[in-house]
Amino acid sequence: MIKLESVVKRYDKLVALNEVNLTIGKEIFALLGANGAGKSTMLKLILGIIEPDEGKILVANQEVKYSLVETRQKIGYLPENLVLYERLTGKEFLQFVAGVKGLGREANLEIEQALKDFDLKAKQDLLIRQYSFGMKKRIGLIAAMLGNPEILILDEPLNGLDVETITTLRKRIQVLHQEGKTIIFSSHIMDFVERMASRVVILSQGKIVVDGTVKELREKANLSSDHFEEVFFHFASKKQNIA
Amino acid sequence: MKSLQLILYFKFLEILRQIKDNLFTLFFLGPIILWFVYMLAVPYIDALAVGSYPILSTNSLQLLATILVFLFLLSSLSDVVAEIYPIQSPDSYLDALPIATNWRFFSLLIIRITRTIPLLVVIGLLNFLVAKIANKPSQTLSLILFILLPIALQLAALQILLVIFATHFKQIYFTRILLVFFAISLITYLFPTFGWCLGLPFIGIRELLILIYNNLSGNSNGLSSIDSVISLIMFIFLASLALIGYQKWAIADREAVEQILAKKRYFSDLIGRNFVFAKIFGLRLGAHLLRDLILTFRFFSAAVYLSFAFAIIFEISLLAIVRNTDYPMDIVSQAVTALATFSLAALAPALVKHQLPFLWLERSLPVSGQDMSMCKLIYACLISLPIPIISFLLSLALKPLALNEESFLLFQLMLVWLTVSSLVGILSFEIASRPLLAILFIAIGSLAIAVLVIQVWWIWFILYPYLMDKLLVRGRERARILIIGLEGDND
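From first to last, the protein sequence lines are chains A and B.
Heads up: the first sequence runs through residues 274 to 516, numbered per our numbering.
Heads up: the second sequence runs through residues 225 to 715, numbered per our numbering.
Treat the hints as calculated values from the structure; they're not laboratory data.
For glycine and all other residues, C-beta sits at the position ideal for the given N, C-alpha and C.
Take these hints with a grain of salt, some might be off.
In silico lysine-lysine, DSSO-like type, Cα no more than 27 Å apart, as pairs [what the hints assert, rightly or not]:
id, chain 1, residue 1, chain 2, residue 2
1, B, K694, A, K347
2, A, K394, B, K235
3, A, K409, A, K454
4, A, K374, B, K472
So the derived label-pair ranges between C-beta atoms look like this [stated by the list, open to error]:
id, chain 1, residue 1, chain 2, residue 2, range
5, A, Q386, B, F406, 53 to 63 Å
6, A, S510, B, Q471, 38 to 48 Å
7, B, F398, A, F506, 43 to 53 Å
8, B, F521, A, K493, 49 to 59 Å
9, B, P342, A, N354, 29 to 39 Å
Partial list, computed: chain A residues near chain B (C-beta under 8 Å) [to be verified]:
id, residue
10, K299
11, L320
12, I322
13, I323
14, E324
15, P352
16, L357
17, F369
18, V370
19, G372
Produce the entire structure from the sequences given, and follow the hints as far as they go.
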């Protein structure tokens with residue numbers, strides 16, 4: 274269980290998150306918003322990469338600030354701007370992450386399987402600098418999922434992925450959800466959100482403007498259009514928020 | 225502990241692969257160039273007249289060493305900031321992994337130490353060589369090596385501490401740190417005892433640098449083992465302070481660094497003045513030049529500070545040499561102009577290296593090798609243009625000349641400036657991925673020609689057109705090779 278209590282985060286004069294209260298359970302949670310709405314900030318706050326200016330963030334009833342290592346032990350994270358060690362091979366990088374996460378030899382089997390699932394087996398011994406953007410993203414996804422973490426945080430996971438990998442990812446997320454894990458992701462691909470998310474929160478100018486299932490959001494928006502994009506625009510546009 | 229082992233293991237694996245990728249440069253090209261430098265220098269080594277240099281006062285020596293240490297600290301500032309607060313580097317991934325703060329800090333410290341050691345080995349070897357030339361057997365290699373490790377430890381801890389504290393107290397700007405360094409240097413000079421205490425955080429490296437001069441000047445003062453012990457004690461003290469600072473502030477300060485990177489920059493008005501450059505140099509060349517100048521004025525790397533610092537030191541040395549020696553002023557001012565011009569023009573190869581990761585831009589735009597090489601040539605000339613003028617004005621201030629002599633001196637200075645700057649500019653695409661090696665190589669070429677021009681000025685009219693004719697083609701082709709991606713951008 275993740276809990277954000279009156280969280281405020283400022284960057285100089287810009288308020289990135291403004292009095293956010295949120296509880297996330299064992300669900301597939303989609304965090305939506307326009308660029309600069311505060312999505313990545315919220316995800317980094319949950320991980321303790323940055324600290325809130327006000328309020329508290331709790332992961333499994335422990336305040337993140339005081340239990341950084343324990344929190345990160347429970348979380349698998351895919352950053353939006355993924356930069357990897359260019360002179361390590363994909364497999365070596367995964368072994369490194371597994372080691373730091375404290376996973377034993379059994380992690381090797383997990384890595385082998387994940388490399389097969391994400392179609393990287395043949396390229397596992399190439400240096401990462403020889404990988405394409407999509408391949409690096411796949412390595413990042415595998416690294417995030419290593420050790421079967423309780424919480425999976427994926428910041429814009431679909432960028433650069435081909436259709437096949439998106440399908441693999443979707444299946445993986447569904448399996449993890451069935452296992453009772455918490456999956457949080459941000460995305461601009463509404464089709465993916467619509468198909469995957471059991472709960473959607475839309476942020477605008479650092480505030481939560483709507484929270485609910487896809488169906489509930491459609492009902493609240495009460496639009497004639499079937500497209501989920503329209504629902505998103507309805508809630509996320511600044512005009513709506515100011516009004 | 226396991227995290228620390230893993231981080232170090234994979235970091236060193238990366239370093240080993242980096243070495244493997246550069247085997248040719250490190251073990252073939254590098255030694256060849258160093259051998260050439262050595263062969264060129266051999267005739268002059270005997271003439272170094274070790275022991276005949278003036279014995280400087282303690283506070284002058286302390287000041288000199290302090291300034292050199294500060295230059296080193298400034299030059300490594302960006303790297304250390306990027307290591308401690310990784311925002312755009314692969315280490316940023318470590319922020320999301322379950323690694324205890326202490327282990328993360330120790331990994332930073334160990335990596336910094338390993339990056340400091342090569343520099344100290346070079347200084348140590350230099351010290352050893354100077355001591356050998358000066359026939360001072362007491363300053364043995366073993367003594368120097370004995371003190372190197374404590375110094376490396378101390379220097380690494382100081383670099384980290386400086387960045388952690390400067391970031392936390394929102395002073396992580398070159399200009400502000402420069403002001404602090406200037407104040408410390410002034411105190412060192414005016415109040416040597418107090419200055420000595422202020423210099424305790426870098427006592428080891430300071431004493432090592434002083435030792436080099438002492439060896440040169442024939443002064444019997446050597447390095448005492450007590451310095452080594454103080455270095456070790458200071459290392460423990462500095463590292464402990466840095467650890468406390470890192471534990472308390474690292475997360476919050478990471479954001480501060482991110483915000484500094486995102487801040488609005490000066491010189492944005494230059495963009496609006498593009499039309500001036502476009503009119504003079506043409507649209508494409510103008511755009512390139514403008515970008516290079518903006519990057520320089522925004523201090524794209526610590527090399528900018530170093531270049532300007534060396535140029536100033538050379539110009540100041542003009543005053544000192546003309547006042548204190550009987551060397552002909554025109555020769556001294558031309559020699560100083562050559563060196564100071566080289567200091568500034570050497571920013572061109574540094575800029576090429578800085579731009580390698582962004583070459584995709586040139587590749588995706590209609591840019592030719594001709595544009596790129598000409599841009600760097602003009603850049604090197606423009607950035608170093610103030611040098612002959614300053615040298616000329618200083619020379620006039622030192623010794624008034626007749627009008628025809630003044631004009632001739634200015635003419636000679638301009639010849640030297642044009643020779644050095646254009647040669648550096650056009651050669652800046654040589655060994656693009658290894659700027660230090662490139663600068664060494666370019667220094668040999670450009671300064672050797674400058675020496676010829678200084679001795680026989682009219683030879684310029686024969687040599688320069690011939691050389692430039694050949695080098696323009698070479699520069700264009702080297703740049704073209706970079707654009708089509710055959711070299712450099714993967715390093």
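Hint check results:
Under the criterion of a C-alpha separation no larger than 27 Å, the hint pairing B/K694 with A/K347 is inconsistent with the structure, at around 63 Å. In summary, the hint linking A/K394 to B/K235 is supported, as the alpha carbons are separated by about 24 Å, within the 27 Å threshold. Under the criterion of a C-alpha separation no larger than 27 Å, the hint pairing A/K409 with A/K454 is consistent with the structure, at around 24 Å. Between A/K374 and B/K472 the CA atoms are separated by roughly 23 Å; this keeps the pair inside 27 Å, and the hint holds.
As the Cβ distance of A/Q386 to B/F406 is approximately 60 Å, the hint placing it in 53 to 63 Å holds. Taken as a hint, the range 38 to 48 Å holds for the pair A/S510 and B/Q471, whose Cβ atoms sit roughly 43 Å apart. In this structure the hint that B/F398 and A/F506 lie 43 to 53 Å apart at CB holds, the actual value being about 45 Å. For B/F521 and A/K493, the Cβ-Cβ distance of about 52 Å falls inside the hinted range of 49 to 59 Å, so the restraint holds.
As the Cβ distance of B/P342 to A/N354 is approximately 31 Å, the hint placing it in 29 to 39 Å holds. Proximity of A/K299 to chain B is violated relative to the hint, the smallest CB-CB distance being about 21 Å (cut-off 8 Å). For A/L320, the shortest C-beta to C-beta distance to chain B is roughly 6 Å, which falls under 8 Å, so the interface hint holds. Against a cut-off of 8 Å between C-beta atoms, the interface hint on A/I322 holds, since the closest Cβ of chain B lies about 5 Å away.
For the restraint placing A/I323 at the interface with chain B, the shortest Cβ-Cβ distance is roughly 6 Å, inside the 8 Å limit, so the hint holds. Here the hint on A/E324 is kept, as its CB sits about 5 Å from the closest CB of chain B, short of 8 Å. The restraint placing A/P352 at the interface with chain B holds, with a minimum CB-CB distance near 7 Å, inside the 8 Å limit. About 5 Å separates the beta-carbon of A/L357 from the nearest beta-carbon of chain B, less than 8 Å, and the hint is met.
Look at A/F369: its Cβ gets to within about 5 Å of chain B, closer than 8 Å, so that hint holds up. Because the beta carbon of A/V370 sits about 7 Å from the nearest beta carbon in chain B, less than 8 Å, this interface hint is met. For A/G372, the shortest C-beta to C-beta distance to chain B is roughly 4 Å, which falls under 8 Å, so the interface hint holds.
Of the numbered hints listed earlier, those contradicted by the structure are 1, 10.
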